[in-house]
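What follows is the residue order along each chain.
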Amino acid sequence: MSVEVAHGPAYWLRRLGSAVTGGLAKLGYAARFLVAVLWHSPQAFRRMHLTLREIYFAGVLSLVIILMSGMFVGMVLSLQGYETLKRYGSDEQLGILVALALVRELGPVIAGLLFASRAGSAITAEIGLMKTTEQLAAMEMMAVDPLARVIAPRFWGGIISMPLLAALFSAFGIFGGYLVGVRLIGIDEGAFWGQMKAGVDVWPDVTNGIIKSIVFGIAVSLIAVFEGYDSKPTAEGVSTATTRTVVISSLAILALDFVMTAFMFRGAAV
Amino acid sequence: MPAQANVRVPAATVADRSDADAPAVELKDVSFAYDVRPVLEGITMTIPRGQIVAIMGGSGCGKTTILRLIGGALKPKSGSVRVAGQSVPDLEPDALYALRRRCGMLFQFGALFTDMSVFENIAFPMREHTDLPDELIRDLVLMKLHAVGLRGAAQLMPSELSGGMARRVALARAIALDPMLIMYDEPFAGLDPISLGVIGQLIRKLNDALGITSVVVTHDVYESLKIVDFLYFVSEGRIVASGTADEVRQSMLPFVRQFVDGEPDGPVPFHYPAASYREELLARVG
Amino acid sequence: MNRSAMDLWVGVFVAMGIAAIIFLALKVGNLLTLNTTPGYVLEANFDNIGGLKLRAPVKAAGVVVGRVESVRLDPKTYEAVATLRIDREYQFTRDTIASINTSGVLGEVYVGLDAGGDPVMLKNGDRIVKTQSAMVLEKLIGQFLFDKAAEGGKAGPGEKAKEAEGIKK
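Chains as they are written, first to last, in numbering that gives the first Met the number 0: chain A, 0 to 269; chain B, 0 to 285; chain C, 0 to 168.
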């Protein structure tokens, strides 16, 4: 019925401005949300079975995909790495290549991405659905704070599961690399493990990988829980929220990975 | 109500006696708006103890908003909302939660927790707010289920229940802690005739047996007139009529008549506001 | 899924995760071979450290006895000053030679220590006097070609190229 205003530059500027202010407002809301979740967290630990349940749904149910993906990634690393290393006569370094790539980068990052798509989206969908069917409102009317009972356990369940999953990914990846490198290709077993042990240091490599996975766990869990809580209470709203969780989590993982890698492995070369 | 010495019991009994004269719910000149869009204006209603009061109106007229204001989920722009003598919007979070423990709410489609069984759903408020031992909780849950006729369904999951059964379970959950006030959000919506009768009877019987006050938000005139004591009619954010069930049945007010008789056109118009029909049809395209 | 079954699976999961972390730390990484005692510091000056990196190993007779802690340029002598942190259990004589070596042709660069016969041992903060700088590959090749050219007309250009190639391998 009404004619739309012509799309002049003022229109686009206004849209840009409202997008930015909207985004900033959401960021501020998310920050307050995080503080509120942390505030209600002690309850999640006093009633440990709530958090344990979430560790089951986020961690245990992700095991299959994490372990299988880990093994395949390790196997591919071994195959590809061998071809390249052989050209420089350094094929005995295969163990180090596979181990360092996994422990430093691929373990935390790929496990994080898989976790975001499997567990993160499930958490968002579950919370969004509870919001749509008024279960969260019902809880509030029953004087039970949903932040303490529903949100915080899922938040911590994700944070606890993530480093374990990343470590399992790396471990199975190295095992896969061993299967291909030693059993299939025929590299000397002693060289494989020996070189690896000499080259992988616990302090910078393994612990930094663990720190990365913890940071990714916090990011993914927070995003998943927030998107679910903030979703529009309709079917469409829930599906939008789950998509946002996967997309924003993945971007956050990759961005944080870059920042952390720059910090952590800065001193590797003089 | 259980009265063991070492067990925490909801404080309903003590507070009830102190404000025995105050009506259960009192709204005075309440107005509310979502951002700029006004939803309620000048709402004044008094709900005495022990009565069932219906808030009726078409869809989107603000009935559910009134419930949210009573429950403290929303704050009014102006006016006062009092429950059991306390001003709800001014309560501290702890006091608000204490008040909510004395109220029960039945949501439109039950809002049962889908990851728990029927038994667990009803035990939920007991486990959250009391330290009652498991055996006692079990007995109480079975009693509540028996009151709504679903004791045999205790181990079913919400996904296995029909609409009417789910709503009955939600009702059992709402009375789990023997509240003093229950709010019903469209309890009759979407039910088959038998379930309608069941729910209506339960609302009336529980209200009288437990000595509680009930606020029913609905647009089902037929079922409401069978069980309620007093009705308020809301249209476009204002109260347009009120009266007892008999008064409403005999009222000659056009709005009440349109509502009670179910006329498609009347004070609530059939046509959504639009330009003149002739002009729209004859207008040139482009 | 009742609660005890869930608890069991969570327990299994957490146990597996911790086992993986321990596996990574011990079998993959060198946690146990890491010496927890802080060790003592020795300094060494070099004309050229070549490709020596931080945390490169310090080896004696092929055994890792420490790590390169820091490298800086002495502004007065324009020499590279490397700080080496050595495990406490290894003592080196005052006339130890520190040299920069490469393990293999393309391997990593490390500091090799050759102990001498001096009765006095180096203490924390001492300087290793005898040092041998890194062999820079380009200089080596250049030196070799120069020597070959100096040997004069005996060898033709073709033979020189063949010999140069022999080095590159």
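Heads up, some of the hints might be wrong.
Derived lysine to any residue pairs resembling SDA-like cross-links, with alpha carbons at most 25 Å apart [what the hints assert, rightly or not]: (1) A/Lys231 - B/Phe112; (2) C/Lys52 - A/Glu91; (3) C/Lys58 - C/Ser132; (4) C/Lys26 - A/Gln79; (5) A/Lys25 - B/Tyr221; (6) A/Lys25 - B/Tyr33; (7) C/Lys26 - A/Ser89; (8) B/Lys76 - A/Tyr28; (9) C/Lys52 - A/Thr131; (10) C/Lys26 - A/Trp202; (11) C/Lys58 - A/Phe71; (12) C/Lys26 - A/Pro203; (13) C/Lys52 - A/Asp90; (14) A/Lys85 - C/Leu136; (15) A/Lys196 - C/Val64; (16) C/Lys26 - A/Thr131; (17) B/Lys74 - B/Leu90; (18) A/Lys196 - C/Ile17; (19) A/Lys196 - C/Lys26; (20) C/Lys52 - A/Ala190; (21) A/Lys196 - C/Trp8; (22) C/Lys26 - A/Lys25; (23) C/Lys58 - A/Gln79; (24) A/Lys196 - C/Phe22; (25) C/Lys26 - A/Ala100; (26) A/Lys231 - B/Tyr33; (27) B/Lys204 - B/Glu246; (28) C/Lys26 - A/Ala29; (29) B/Lys74 - A/Trp192; (30) A/Lys85 - A/Trp192; (31) B/Lys74 - A/Ala29; (32) A/Lys196 - C/Leu25; (33) C/Lys26 - A/Tyr28.
If you're looking for bench data, these hints aren't it; they were derived computationally from the structure.
Okay, the hints, checked on the actual structure:
1. A/Lys231 - B/Phe112: 19 Å, holds
2. C/Lys52 - A/Glu91: 21 Å, holds
3. C/Lys58 - C/Ser132: Holds, at roughly 15 Å.
4. C/Lys26 - A/Gln79: OK: C/Lys26 and A/Gln79 at ~23 Å, within 25 Å.
5. A/Lys25 - B/Tyr221: Between A/Lys25 and B/Tyr221 the Cα gap is close to 46 Å, so the pair fails against 25 Å, i.e. violated.
6. A/Lys25 - B/Tyr33: With a Cα-Cα distance of about 19 Å, the restraint between A/Lys25 and B/Tyr33 holds, given a limit of 25 Å.
7. C/Lys26 - A/Ser89: 22 Å, holds
8. B/Lys76 - A/Tyr28: Holds, because 23 Å separates the two Cα atoms, which is no more than 25 Å.
9. C/Lys52 - A/Thr131: Distance of about 58 Å is beyond 25 Å: violated.
10. C/Lys26 - A/Trp202: 14 Å, holds
11. C/Lys58 - A/Phe71: 37 Å, violated
12. C/Lys26 - A/Pro203: Judged against 25 Å, a Cα distance of about 16 Å means the pair holds.
13. C/Lys52 - A/Asp90: 22 Å, holds
14. A/Lys85 - C/Leu136: 22 Å, holds
15. A/Lys196 - C/Val64: Holds: A/Lys196 and C/Val64 sit about 16 Å apart, inside 25 Å.
16. C/Lys26 - A/Thr131: 49 Å, violated
17. B/Lys74 - B/Leu90: Holds: B/Lys74 and B/Leu90 sit about 11 Å apart, inside 25 Å.
18. A/Lys196 - C/Ile17: Holds. A/Lys196 to C/Ile17 sits at ~19 Å (cutoff 25 Å).
19. A/Lys196 - C/Lys26: 7 Å, holds
20. C/Lys52 - A/Ala190: 23 Å, holds
21. A/Lys196 - C/Trp8: Violated, because 32 Å separates the two Cα atoms, which is more than 25 Å.
22. C/Lys26 - A/Lys25: 45 Å, violated
23. C/Lys58 - A/Gln79: Outside the cut-off at roughly 32 Å; violated.
24. A/Lys196 - C/Phe22: Holds, at about 11 Å.
25. C/Lys26 - A/Ala100: Holds - the C-alpha atoms of A/Ala100 and C/Lys26 are around 16 Å apart, at most 25 Å.
26. A/Lys231 - B/Tyr33: The given pair, whose Cα atoms are some 16 Å apart, holds under the 25 Å limit.
27. B/Lys204 - B/Glu246: Satisfied, since the Cα-Cα distance of roughly 23 Å is no more than 25 Å.
28. C/Lys26 - A/Ala29: 41 Å, violated
29. B/Lys74 - A/Trp192: Roughly 66 Å between the alpha carbons, so the hint for B/Lys74 and A/Trp192 is violated.
30. A/Lys85 - A/Trp192: Cα-Cα ~18 Å, so holds.
31. B/Lys74 - A/Ala29: Judged against 25 Å, a Cα distance of about 23 Å means the pair holds.
32. A/Lys196 - C/Leu25: Since the Cα atoms of A/Lys196 and C/Leu25 sit roughly 8 Å apart, the hinted pair holds (cutoff 25 Å).
33. C/Lys26 - A/Tyr28: Violated. C/Lys26 to A/Tyr28 sits at ~45 Å, over the 25 Å cutoff.
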